Amino acid sequence: MNVDILHKIQETDFFKELSEEALAAVAAKATVCKYHAGDAMMRKGDPADSFFVILNGHLKIVTTDAKGDEIIINKVGPGESIGELALVDQRPRSAGVVALDEVEALELTKDAFFELLNKRLDVSLGILRGFSNRLRFSTTYIEKVIDWSQKTAEGDYSFLEQTQPLNNRAGTDDDKAAQLLSAFYSMVSKVKAREETLKQELERLSFEIDQERRKKEFDEITGSEFYAKLKEQAKALRQKRASDQ
Amino acid sequence: MAGKIVSIHSFRGGTGKSNTTANLASQVAMTGKRVGVVDTDIQSPGIHVLFGLDEHKMGKTLNDYLHGKATIREVGFPVGENTGEGEGRTQLAGKNLFLFPSSIKGKEISQILHEGIDFNKLNEGLQTAITEFNLDYLFIDTHPGLNEETLLSIATSDILIIILRPDNQDLQGTAVTVDVARSLDVPNLFLMVNKALPKYNFAEIKKDIEEQFQAPVTSVLPLSFDMAENASKDLFSLRYPDHEWSKALKNIVPYILNAK
Numbered sequence: 001m002n003v004d005i006l007h008k009i010q011e012t013d014f015f016k017e018l019s020e021e022a023l024a025a026v027a028a029k030a031t032v033c034k035y036h037a038g039d040a041m042m043r044k045g046d047p048a049d050s051f052f053v054i055l056n057g058h059l060k061i062v063t064t065d066a067k068g069d070e071i072i073i074n075k076v077g078p079g080e081s082i083g084e085l086a087l088v089d090q091r092p093r094s095a096g097v098v099a100l101d102e103v104e105a106l107e108l109t110k111d112a113f114f115e116l117l118n119k120r121l122d123v124s125l126g127i128l129r130g131f132s133n134r135l136r137f138s139t140t141y142i143e144k145v146i147d148w149s150q151k152t153a154e155g156d157y158s159f160l161e162q163t164q165p166l167n168n169r170a171g172t173d174d175d176k177a178a179q180l181l182s183a184f185y186s187m188v189s190k191v192k193a194r195e196e197t198l199k200q201e202l203e204r205l206s207f208e209i210d211q212e213r214r215k216k217e218f219d220e221i222t223g224s225e226f227y228a229k230l231k232e233q234a235k236a237l238r239q240k241r242a243s244d245q
Numbered sequence: 001m002a003g004k005i006v007s008i009h010s011f012r013g014g015t016g017k018s019n020t021t022a023n024l025a026s027q028v029a030m031t032g033k034r035v036g037v038v039d040t041d042i043q044s045p046g047i048h049v050l051f052g053l054d055e056h057k058m059g060k061t062l063n064d065y066l067h068g069k070a071t072i073r074e075v076g077f078p079v080g081e082n083t084g085e086g087e088g089r090t091q092l093a094g095k096n097l098f099l100f101p102s103s104i105k106g107k108e109i110s111q112i113l114h115e116g117i118d119f120n121k122l123n124e125g126l127q128t129a130i131t132e133f134n135l136d137y138l139f140i141d142t143h144p145g146l147n148e149e150t151l152l153s154i155a156t157s158d159i160l161i162i163i164l165r166p167d168n169q170d171l172q173g174t175a176v177t178v179d180v181a182r183s184l185d186v187p188n189l190f191l192m193v194n195k196a197l198p199k200y201n202f203a204e205i206k207k208d209i210e211e212q213f214q215a216p217v218t219s220v221l222p223l224s225f226d227m228a229e230n231a232s233k234d235l236f237s238l239r240y241p242d243h244e245w246s247k248a249l250k251n252i253v254p255y256i257l258n259a260k
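Which chain is which? The protein sequence lines are A and B, in order. With my numbering as the guide, the letters of the first sequence map in order to residues 1 to 245. With my numbering as the guide, the letters of the second sequence map in order to residues 1 to 260.
If you're looking for bench data, these hints aren't it; they were derived computationally from the structure. This structure is a prediction, so every number in the text was calculated from the model and none was measured. The beta carbon of each residue, even a glycine, is placed where N, CA and C say it ideally should be.
Far from chain B by the CB rule (all over 12 angstroms, computed), these chain A residues:
no.: 1; residue: Gly77
no.: 2; residue: Ala183
no.: 3; residue: Lys192
With a cut-off of at most 20 angstroms between alpha-carbon atoms, the simulated EDC-like pairs for lysine to aspartate or glutamate come out as follows:
no.: 4; chain 1: A; residue 1: Lys229; chain 2: B; residue 2: Asp118
no.: 5; chain 1: A; residue 1: Lys216; chain 2: B; residue 2: Asp179
no.: 6; chain 1: A; residue 1: Lys229; chain 2: B; residue 2: Glu149
no.: 7; chain 1: A; residue 1: Lys8; chain 2: A; residue 2: Glu21
no.: 8; chain 1: B; residue 1: Lys199; chain 2: A; residue 2: Asp156
no.: 9; chain 1: A; residue 1: Lys235; chain 2: B; residue 2: Glu124
no.: 10; chain 1: A; residue 1: Lys231; chain 2: B; residue 2: Asp185
Hey, can you work out the whole structure from these sequences and the hints?
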């Protein structure tokens, strides 16, 4: 296993808490697998017997709808890990994973993973730390979303002004919670904008002019002798001004 | 080039006409133009207050001129030399802005209302004001409605700005005024919407009113409590140049400067 791969493993959220030495122990148990575009890394319903850390390339996570058509749930790329939760909870694969281009991934089998957990306390602790960081991170964001949801339900959008707009960050798994928050923020902003447009449309003034009355009043004003004289004077005045210039 | 007469009119009272006239005239004066403001609202004069003029400071008035007791030269009050107090007003120091006030003395008001205005004399006075003070623009603050003195000011104006609030009653009256202005061949006719509630869509109001009258709406100004609170004490748009109301008011300036 070369140094380059070791660094890539260290960059994953899953293993970033591990020391160099613990990392080397993991790497020793892992193998590098390659996939071409369209190859399935895992299928929905397969037993969860290993997990992967993507080194290069991209994959789509897919499931099927009621009609059997493919639905892409997510896309993953370098540094992201796939399938680690299934190793811990021992449930079959909940979705399929298919390579979108040339993919290089590090595979750690269930047996190798459990052996590491059993023999190496430092590796176990590192992995646990990774899990708990993620959980803590997600919890903060979820609490925020709960708070915003309650405010939105009450029509209080003040948090939009009090919060810096969040960029829709794509990236590591940890950022999924941040993405949820970002998507929620953008959703509420749009809801608020739509609500305001609707309000303006409802309150749009309807202007009506009584044309009959308009004509009657105009005739009354312009029908007088005074007006006829004024109109003549105004005409003369404008002509004089035009000729003066 | 001869100076232009700019009449500011509204069909009903309370549209903020005097305030708009004073602020607009000041903004035009700030561009370096020579500007006059005539208060032809003889029944209920008020614009002098905005320029910091009170009973004690007021010298000869339009009433004196109309009664042959003073010349137009004597009536013109140089605001730029007597800005008085007020953060906004003092910015007019050194500017060429002249106010031709109406008398605020009850006796003189009732006298002129009783005798009526000599229209030829008033018209002559407006022309004299332009030539004697070498004015680029002479603003006329009229009495609301379409009485004879208002018709006269519309008839003599090169630019007519009709102020209305976005409601049907103002719109109805404005329609008649627009028709009259067209019948009198006013060369430049603009509409200005004032006191629009901020909850409305201003762009829609502008579009709707332009469609109704086939005349440009220079701007839609918001109903402003800041404005109401400060208005008569100082020239609001000079004092609070970044306020929404001031920004919308300043939009009108190029319409005036570019009018042919």
